[in-house]
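We have chain A already, so just place chain B on it with the hints.
Going down the list, the sequences are from chains A and B. Quick note on numbering: the working numbering labels position 48 of the first sequence as 139, and the sequence is numbered without any gaps. Quick note on numbering: the working numbering labels position 168 of the second sequence as 245, and the sequence is numbered without any gaps.
What the hints contain is simulated information worked out from the structure, not anything from laboratory work. Some clues are possibly wrong.
In silico lysine to aspartate or glutamate, EDC-like type, Cα no more than 16 angstroms apart, as pairs [what the hints assert, rightly or not]:
1) B:137 / B:124
2) A:116 / A:152
3) B:463 / A:120
4) B:369 / B:210
5) A:149 / A:120
6) A:223 / A:146
7) A:220 / A:181
8) B:164 / B:215
9) B:137 / B:294
10) B:79 / B:443
11) B:458 / A:120
12) B:421 / A:132
13) B:246 / B:294
14) B:463 / A:132
15) A:103 / B:392
Okay, here's what each chain looks like letter by letter:
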Amino acid sequence: MPVEFTERSLLKYTQKVIELFRNPKNIGEMENPTVTTVEGDPQCGDMFKMYLKIEGDKITDAKFLSFGCAANIATGSMTTEMIKGKTVDDAGKISIKEIADGLGGLPGLKMHCAVLAYKTLKKAIQEYKQGKSGGDQTSSKGS
Amino acid sequence: MKVYLDNGTTTPVAREVLDAMLPYFTERFGHPIFVYSLGQEAADAVERSQAMIARTVNAKSGEITFTSSATEANDLAIRGVAYANRKRGDHVITTKIENPSVLRVCEELEKEGFRVDYLPVDSQGFVGLKELEKTITERTILVSIAHVSDEIGTIEPIEQIGKLLREQKNRIYFHVNAAAAYARVPIDVERMGIDLMSLSAHKIHGPKGVGALYLRENTPIEPISHGYISLFTLKPGTENVPGIVGFGRAAEFAFNGFEKHVWNMRKLRDKLMAGIEERVPHILLHGPRGDKRSPANVNYSFKGVEGESVLLHLDLNGISVATGSACSTRKLEPSHVLTAIGVKPEVAHGAMRFTLSRYNTTEEIDYVLEVVPRVIENLRKISPVKPEEL
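Pulled out of the complex, with its shape left as it was, chain A reads as follows (with noise of 0.2 angstroms):
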């Protein structure tokens, strides 16, 4: 049987990520959001709530609230820092590993928690194009 070598790197944080675990950016409710999304499951340990104002395919503000780890949080203050002002679909371009380079990296086992933001951005633009498309309130409120 193979042995696995436990690296110590897998629960280490960067200064980047305690940073923004700290003093969190874009963090809270948002008023009239555009989008809201729910992804995760707190029986799993983590749940990400992502609120999107969109104005003309524009992202004018991006907010989050979290039931989860340091990574988690640290994840959501990074991914919403780097959506505000981008187009939706440049928004839906931005990959896994972007988000964790700007943290400097994440701790392998904590990879997950990047991925539940970044899940979470997808389907909250997933849903904004749906409802457009589908003849929602957006399209509704100009009619």
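Relative to chain A, chain B alone:
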């Protein structure tokens, strides 16, 4: 302010313990199996530690074998007894809430053809005597149960279990992992009917890398490692003499004024519990209250928050604690102990364990009670999970 409340994980070496150890690294460095005076000096020191530890649990000196850790003592006790009694039986009983150093060894035994039953516990972590009695068969050779749950502080009815095992037709050996109990609750191997018991030095202000196995005289056991002879037939290899000296000295200090130390820890435990219950809503206590709880253990779930975030925020405020949250471990699963007592995973993720030592003070607890409610409140503000709904 720095407050260390993770004494259940490890403790700092006491200054007087370190002072006692130091000469055994340098001038008194001899190998204890050799007849020249340097060797005999080391052997005498090892024997003094044996005698000291034996006295604290009402054992005989020769019944103490030093190991490298309580983990190794558990392994030696469980596999050693299982192998030596294999002809007579192949059934081992333990509980669902044991330390991994017991559970993993039992799983290994299962691979080797032994049968192991993992007893359930009630919502406070207690093993049921009736449940145990029902599980015993004619093939049962060993029962292994921790005296105190290292996680939720439950003090198991060891004396009643020992008595029950002695009443059985066949001889069933009783192993007790007492790493979390030693120097926190009184232990008497005679009165409690304990045949084997694991202890650890670094949980009582001794050094890391030293444990001990109490082995009742005439208990059949096989060594599980082989090699160079030592003072201990079960544990080959050169003895960690400075570590053993440190363990003996740590035991001496822990038991010199034992009742006062325990009284002090219990007072601080109760202050911490009362303070948390008064200041933080939506919490859940894990483990029992009062005399059946370790005087050194406090464990609550703070609903709606995740344990690792709490742990890191407390750390930023100088407070060290442990969490049962999955996120803080390498396995990403909530604690098996909390699962066994029926705690929902979403609540288990917010479990925080505070463990005391005799060195903690009232001022430290006051400070913790000032910081904890603030940290929990702040984390709840940014959580999408409503604590009142869990």
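Going down the list of hints, with the structure as the test:
1. B:137 / B:124: holds, 11 angstroms
2. A:116 / A:152: holds, 12 angstroms
3. B:463 / A:120: holds, 13 angstroms
4. B:369 / B:210: violated, 22 angstroms
5. A:149 / A:120: Status violated; Cα separation ~20 angstroms.
6. A:223 / A:146: holds, 12 angstroms
7. A:220 / A:181: At roughly 13 angstroms apart (the allowed maximum being 16 angstroms), residue 181 (chain A) and residue 220 (chain A) satisfy the hint.
8. B:164 / B:215: holds, 12 angstroms
9. B:137 / B:294: This hinted pair holds, its Cα atoms lying about 9 angstroms apart.
10. B:79 / B:443: holds, 12 angstroms
11. B:458 / A:120: Given that 16 angstroms is the threshold and the Cα spacing comes to 9 angstroms, the pair holds.
12. B:421 / A:132: Holds: residue 421 (chain B) and residue 132 (chain A) sit about 13 angstroms apart, inside 16 angstroms.
13. B:246 / B:294: violated, 20 angstroms
14. B:463 / A:132: Distance ~13 angstroms between residue 463 (chain B) and residue 132 (chain A) Cα, so the pair holds.
15. A:103 / B:392: holds, 14 angstroms
Of the numbered hints listed earlier, those contradicted by the structure are 4, 5 and 13.
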